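Student: Sequence:
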Amino acid sequence: MTIKCLIIDDEPLAIQIIREYLTQVSDLELVATFENSLEAFEWVSKNPIDLIFLDIQMPLLTGIDFVKTLPQPPKVIFTTAHRNYAIESYELDVVDYLLKPISFIRFFKAVNKFKSLSDIPVATTQITQPELVHNHLYVNANKKFIKILFEQIRYIESIKDYIHIHTTDQNVITKEKISSFAAKLPHNFMRIHRSFIVNIARITAFTATHVEIEGQELPIGYSYKNEVIARLKA
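Per our numbering, residue 637 is the first one in the sequence shown, and the count goes up by one each step.
For the record, the hints were derived by calculation from the structure and aren't laboratory data. Model, not experiment: these values are computed from the prediction. Using N, Cα and C, we set each Cβ at its ideal position, and we do this for glycine too. Misleading hints may appear alongside valid ones.
Said to hold, decoys possible - Here are the simulated DSSO-like cross-link-like pairs (lysine-lysine), alpha carbons at most 27 angstroms apart as the crow flies:
| hint | residue 1 | residue 2 |
| --- | --- | --- |
| 1 | K779 | K640 |
| 2 | K780 | K813 |
| 3 | K779 | K820 |
| 4 | K820 | K736 |
| 5 | K820 | K751 |
| 6 | K736 | K704 |
| 7 | K682 | K704 |
| 8 | K640 | K745 |
| 9 | K745 | K813 |
| 10 | K811 | K745 |
| 11 | K869 | K820 |
| 12 | K749 | K711 |
| 13 | K751 | K779 |
| 14 | K751 | K811 |
| 15 | K749 | K640 |
| 16 | K736 | K813 |
| 17 | K736 | K640 |
| 18 | K796 | K811 |
| 19 | K640 | K704 |
| 20 | K745 | K783 |
| 21 | K736 | K783 |
Claimed, not checked - What follows is a list of derived Cβ distance ranges for each label pair:
| hint | residue 1 | residue 2 | range |
| --- | --- | --- | --- |
| 22 | S681 | R719 | 18 to 24 angstroms |
| 23 | I809 | L674 | 16 to 22 angstroms |
| 24 | T845 | E656 | 39 to 45 angstroms |
| 25 | L728 | T840 | 49 to 55 angstroms |
| 26 | A866 | E671 | 47 to 53 angstroms |
| 27 | E724 | I865 | 43 to 49 angstroms |
| 28 | E665 | I809 | 36 to 42 angstroms |
| 29 | K813 | T659 | 27 to 33 angstroms |
| 30 | T659 | E853 | 18 to 24 angstroms |
Modelling step: build the complete structure from the supplied sequences, incorporating the hints.
Tutor: Next comes the structure, spelled out in structure tokens:
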């Protein structure tokens, strides 16, 4: 079964990210995209659709008002950069609520949740490429989503509620907990301290107390020491 999908978001880059994720799953078909929610409302009223990826904060007609206004809305996955809509969105019986920046694995879980609710066997979903082929993520910083290649990340540093992503050509600061960001990273990243995650491929030397990344020393936390040393010696 092919699942016909629609993306509605007033940010072109956000549409691009979801569009790219949709291409990774073989039984998802992108039928249309809209940056204007009023135009999308008129289109949805006349065309059958299975699943909408819908931004919440949009001018004129918000995503929440969009769902409330449709007499028989399709299944909806909300996509937003704001946590404060979660309770209201679930009262509308939406499939899921994805916080931007959206990782592929979080997107994939939401799609499988839709399939379970629709009595579509989850096992029929095929990923056309392994997740590790997905070699980047987008980070919300300075009112835009910045593409960061995993291989260019040197290390990630946590400072209170923010993380500093140190790459080979830039430093990006975004508001996110280091633990949630860690879940978006591939297996070649390792947490060495409550405040640091490192790209193992970038480590040039290490001791029992520090790792060195291209001339910069980073501390190994006491509770992480055994696991870090064992993995680096493997």
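Student: Honestly, which of those hints from before does the structure not fit?
Tutor: 1, 13, 14, 22, 23 and 30
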